[in-house]
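The task is simple: from the sequences and hints, build the whole structure.
Next come the chains, spelled out residue by residue.
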Amino acid sequence: MIAAFFERLNETQGVNFSIFYDAFDRGRFLTGLWTTIYLCAASILASLALGLIGLWFSESRSKLPRLAMRAYVQFFRNTPPLVQLSFLYFAVGGLLPAIPDGAGGRMPLIGGAGWAIIAFSLFAGAFNVEIFRAGVEAVPPTMIEAAESLGYGRFQLYREIVLPLAFRVSLPALGNNLVNLVKTTTLAYAIAVPELLYAASQIWSESFNVREMMNVLLVTYVALVAGLVWCLGRWEKAMRIPGYSS
Amino acid sequence: MKGAATDLPVLRPFRAPPVAATGWSPVALASAGAGATLAILFAGSLAFAQAAGGAREPAYVAVMRWTPLIVQGFLFNLSISVLSMALGTAVGAMFGLGQLSQGAATRRLSWAATQFFRNAPWLVLLFYAMFLLPFEMRVAGVTISFPAWAKAVVGLALPVAANVSEIVRGGVRSIPLAQWESAESLAFTRRQTLWMIILPQAVKRMTPPWMNLYAILTMATTLISVVGIQDGLTITRAALVAESRPELMMPMYLLLLLLFFAYCYPIARATLALERRFHVKG
Chain A
66 MIAAFFERLN
76 ETQGVNFSIF
86 YDAFDRGRFL
96 TGLWTTIYLC
106 AASILASLAL
116 GLIGLWFSES
126 RSKLPRLAMR
136 AYVQFFRNTP
146 PLVQLSFLYF
156 AVGGLLPAIP
166 DGAGGRMPLI
176 GGAGWAIIAF
186 SLFAGAFNVE
196 IFRAGVEAVP
206 PTMIEAAESL
216 GYGRFQLYRE
226 IVLPLAFRVS
236 LPALGNNLVN
246 LVKTTTLAYA
256 IAVPELLYAA
266 SQIWSESFNV
276 REMMNVLLVT
286 YVALVAGLVW
296 CLGRWEKAMR
306 IPGYSS
Chain B
442 MKGAATDLPV
452 LRPFRAPPVA
462 ATGWSPVALA
472 SAGAGATLAI
482 LFAGSLAFAQ
492 AAGGAREPAY
502 VAVMRWTPLI
512 VQGFLFNLSI
522 SVLSMALGTA
532 VGAMFGLGQL
542 SQGAATRRLS
552 WAATQFFRNA
562 PWLVLLFYAM
572 FLLPFEMRVA
582 GVTISFPAWA
592 KAVVGLALPV
602 AANVSEIVRG
612 GVRSIPLAQW
622 ESAESLAFTR
632 RQTLWMIILP
642 QAVKRMTPPW
652 MNLYAILTMA
662 TTLISVVGIQ
672 DGLTITRAAL
682 VAESRPELMM
692 PMYLLLLLLF
702 FAYCYPIARA
712 TLALERRFHV
722 KG
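Sequence lines, in order, name chains A and B. Add 65 to the 1-based position in the first sequence for my numbering, that's all there is to it. Add 441 to the 1-based position in the second sequence for my numbering, that's all there is to it.
Everything labelled a hint here was simulated from the structure, so no lab data went into it. Predicted, not measured: the structure shown is a model, and the values here were computed from it. Nothing false has been slipped in among the hints.
Quick list of simulated restraints, FRET-style, between CB atoms: (1) B:R686 to A:T77: 52 to 60 Å; (2) A:P229 to B:W552: 29 to 37 Å; (3) B:A477 to A:A211: 36 to 44 Å.
Anything over 10 Å on all C-beta distances counts as not near chain A; from chain B, calculated: (4) L516; (5) S520; (6) R579; (7) A589; (8) S615; (9) A624; (10) R632; (11) I638.
Virtual Cβ for every residue (Gly too), placed ideally from N, Cα, C.
Okay, here's the thing in structure tokens:
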């Protein structure tokens, strides 16, 4: 029914939403959507892990790991993500050995999608380190002193007192950064990862419906971001401690 | 009442001795570390390229030959960023004030536009502008042409405007409501209050996020290479293709990264410094 409607729309009005009636275009679009979601999910998880590791480094008592972490954060925050991606994919990826792909040919050790995930995680992870650090600094020192006086060890203190509180403080900023990450995944277009933008550009170059696909694309991304924001909002609400504001 | 001078140490207020600055601040150390790491990486990759190049022309000569062109491309990126920022700030300030308007229609419309352009990816908006803007327009018999770079400026200005709109709204909202009320009691009109009392204070608070946005925009200008405009990244790629020596990839890309870092890092530092200066303890 929907397909018939959009087909008629195309014939009578010339408004060509080919993804709604053409099975091939729809398949490409859905594959793109799936790749984008996969990129987002993988990068979000990896960047969160990186943020935690970075936090551990930057709260370390010796100087070297702290400085190394500052250098990592400043480097990735102050250079363009697209150039980072190109650098990793072309320069670093070119150095890695190729492995046999089982069909007689050779394929690179890490493909385009893999490098995209690595680059986006490093980029968003640098921001996450800062966000988590700000959260840890927001935990009142009296809280830590109280825990210490109760005999908490350093690791236990972090796991049971500091991190749960810090995490709640940093959730809004974290949400902003993750939204940015979702938007950054479009850069994978530049290294030909078949994500949403790439799929859309293939469709509009064959079906000549740039205007329609552009709008579909914009709406899809806004919907993706809205979904993420909604999830984060729910999460924030679920994690709220009654009576503990900020 | 001022107490009589006494030598009794108990009665003197405690004054902590000023903390002497010892050597480098941690911030300076960290930035030096970041810069040094980059430089070491760059030098290391050059040395590696030198070794891998074998009997061919030394790697540093090849990199040196392309450096002026890459810097030129980088400067093109910077000029695009300045133009987009100017356009985006002008349009965004209007939308931001629109979001604070008393007319419900203006307010809703500005809010919707802001949210929409803020939540769409920059690259998609850039594509939008590149493909959907006409390459020339006829206004009253005069043909105005839109070259690719002008369309790119518009495409990048869209998300900038949306972000500026939020910055303006946040800045004005951060001024205590009592200021509005006292201005009203002094018979200022709404427009006068906004222009003479609220905005001068708010601009101070809007400056750090605005500078932050500019740094983000500068880094985003490399996106125009995706839509086929000759910028720093395009030229770097073209140089690599022309040389066709894979071992040069590391130093060339690192050179471009270094250029951007050298430009954006001082902005980030200045933003932090300003933020600290304007910070009011709550």
